[in-house]
Amino acid sequence: DAKTTQPTSMDCAEGRAANLPCNHSTISGNEYVYWYRQIHSQGPQYIIHGLKNNETNEMASLIITEDRKSSTLILPHATLRDTAVYYCIVRVNTNAGKSTFGDGTTLTVKP
Amino acid sequence: DAGVIQSPRHEVTEMGQEVTLRCKPISGHDYLFWYRQTMMRGLELLIYFNNNVPIDDSGMPEDRFSAKMPNASFSTLKIQPSEPRDSAVYFCASSNGRRGAGDTQYFGPGTRLTVL
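Sequences listed follow chains Y and B, in order. Here this note's numbering is used: the first residue of the first sequence is 48, the next is one more, and so on. Here this note's numbering is used: the first residue of the second sequence is 75, the next is one more, and so on.
Keep in mind the hints are simulated off the structure, nothing from the lab. There's no promise every hint is true.
Below, a sample of chain Y positions facing chain B; criterion: calculated Cβ distance under 8 angstroms [to be verified]:
{"no.": "1", "residue": "E78"}
{"no.": "2", "residue": "S146"}
{"no.": "3", "residue": "F148"}
Okay, derived cross-link-like pairs now, DMTMM-like style, lysine to aspartate or glutamate, Cα gap no bigger than 25 angstroms in a straight line [claimed, not checked]:
{"no.": "4", "chain 1": "B", "residue 1": "K152", "chain 2": "B", "residue 2": "D131"}
{"no.": "5", "chain 1": "Y", "residue 1": "K50", "chain 2": "B", "residue 2": "E85"}
{"no.": "6", "chain 1": "Y", "residue 1": "K50", "chain 2": "B", "residue 2": "D137"}
{"no.": "7", "chain 1": "Y", "residue 1": "K50", "chain 2": "B", "residue 2": "D131"}
We put the beta carbon where it would ideally sit given N, CA and C, even for glycine.
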């Protein structure tokens, strides 16, 4: 699986959009970009994933650059409950989700 | 769906004792994963199963750790004998192994293990 680089921490004002970047310059053509988050004391939670195209669901949007070397997770209207560690993972679509979690980005949403 | 169920949620034991952690995956999921999370090492994959068969146990730290999946709805992670350095939160996750459209893992709430 390709290595990812994320900022250690970020702050965001409540109600504003939170944009979390991820670099994955060594991504292969068959590797997907997945985002999970982990709220304190809970298990990681799936957010969204994509291969080439931008994706949106009820939780977030995922923007993948055309060269696929980086992506951005967007939480459109961050709330205090979005404070969590956000993990960006790139992996092939095999082994049904076997994932290597890095250190992630600690997002703190402030009132 | 109740999601992935783990028990116990908290376990405190003394060094040298046997510890058994339990997991019930989401019904219909054919992959099951055991992870360990510590401040020092982050979230580490220990072992995963497909259709009850262990596929990759390269993350299991040593022979004191063993995992079984006797049927599609139950798995155990056993530590014998336990040591203080085994103190961590242990997560179980499951997925349904679909191909082509991506697949996601669903995590349980974790078991917080403290070995004194």
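Self-check item: Hints violated by the structure (numbers, ascending)
Solution: The structure breaks hints 1, 5 and 6; every other hint is satisfied.
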